[in-house]
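Take the two lone chains, each set in its own frame, and fit them into one complex as the hints suggest.
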Amino acid sequence: MNRKHYKQIRVIISLFVFAIVSLAGVGNSYLLALAGVLTGIVFLALVRSKVKIKSDERESLIEEKAARLTYAIFTPTIGIGAVLMLIPTQSGLSVFSRGEFAYLESLGMVFAYLTLFLIAIYAISYHFLNKKYGGTGDEE
Amino acid sequence: MKNKLKVYRALRTLTQEQLADKIGVTRQTVIAIENDKYLPSLGLAFKIAILFKVKIEDIFLYEGGINEQ
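Chains as they are written, first to last, in our numbering: chain A, 998 to 1137; chain B, 11 to 79.
With the rest of the complex left out, here is chain B (with noise of 0.2 Å):
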């Protein structure tokens, strides 16, 4: 899974501590999430997608097949 959630909050000019206040995380969260090191719940997808005014599949990418893990 890839996201694109840095170019989207580099084009709304938000720092990640404003980011992570707006969808109600911690600064760590969305730096993990930005690194690909955490993979965020349908809930907090669907946030960050609201946030921005996009889909939930323009930020982030599935890359993998069905039966992926």
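Chain A with its partners taken away, still in its complex shape (with noise of 0.2 Å):
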């Protein structure tokens, strides 16, 4: 099995638990929702142990790169969200505090405590890099 076939069995195996989540998702079954994301990554693991993959520096290049910049747009859209949602619920406004914005101030809340979670393992996984990659700056 070469890299191609193994990027097309991966395409099929995405489709597939992506169409099971789905089913889950309208039948509100969150076990089978589970399953359905177990069964893809046991089928991943098993067809990447099958398949010999190079790693390859231009790839993970690409990968370092789109991370950073999922980082630096997903932080601080759900931080501003967050932010957006709290301040009408915490500024006193009664309308934003019952009926249909009731929900805002606990979703809020949870975009808060996520920036933060975010921001944590960035600076966590930052610390243990540096540290790997010699950073620390005690040698002269």
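Honestly, the hints are just simulated from the structure, not real lab data. C-beta atoms are modelled at their ideal positions from N, C-alpha and C, and glycine is treated no differently.
To be clear about the criterion: a stretch of chain B counts as covered by chain A if any three or more of its residues have a C-beta under 8 Å from a C-beta of chain A, and this derived list gives those stretches:
{"#": "1", "region": "30-38"}
{"#": "2", "region": "42-51"}
Taking lysine to aspartate or glutamate pairs in the DMTMM-like style, the calculated list, with each CA pair at most 20 Å apart, reads:
{"#": "3", "chain 1": "B", "residue 1": "K47", "chain 2": "A", "residue 2": "E1054"}
{"#": "4", "chain 1": "B", "residue 1": "K47", "chain 2": "B", "residue 2": "E67"}
{"#": "5", "chain 1": "A", "residue 1": "K1004", "chain 2": "B", "residue 2": "E27"}
This is the structure we're talking about:
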């Protein structure tokens, strides 16, 4: 099995997982969604073990840049989203604390913690990677 | 940075796929290097130079100054 076949099989497995999760979403079955995702992970691991994949430095660079871009876009977006959701509820406007807007504060809190979680993961991984690649600055 | 990878590959009558297999990268990476779209790492540049039995500077030509990014 070469890299091209591996990519084709990966797309098929991803579509399968997407279909199962969609069905589970429609049927409100969290167990089915979990089973679909786990099956997909197991299948991907099995296929990956059968094919010898080259680690390509250009692809690594692309992945690094894509990850950095994702972080740079996603973190401020959900951070600002959290602020925008929390401000109206904290400002004492009663219209935002009841009825259809009641969920805004909870969603804002979830977004705020998610932002903090992302920043914490970034900071911790940066610290360890910096150490790993000799960026401690102890030696002269 | 310019390179003569295509020339050296042609001299050895290697296809992009064969060269990619020999230096352990994908064909897309070889294409990107040949078209000056991607600058290989020092390790990969050495691998290429060793494969063609030449010096790195025979294949890769640095045209910028010392302050160029």
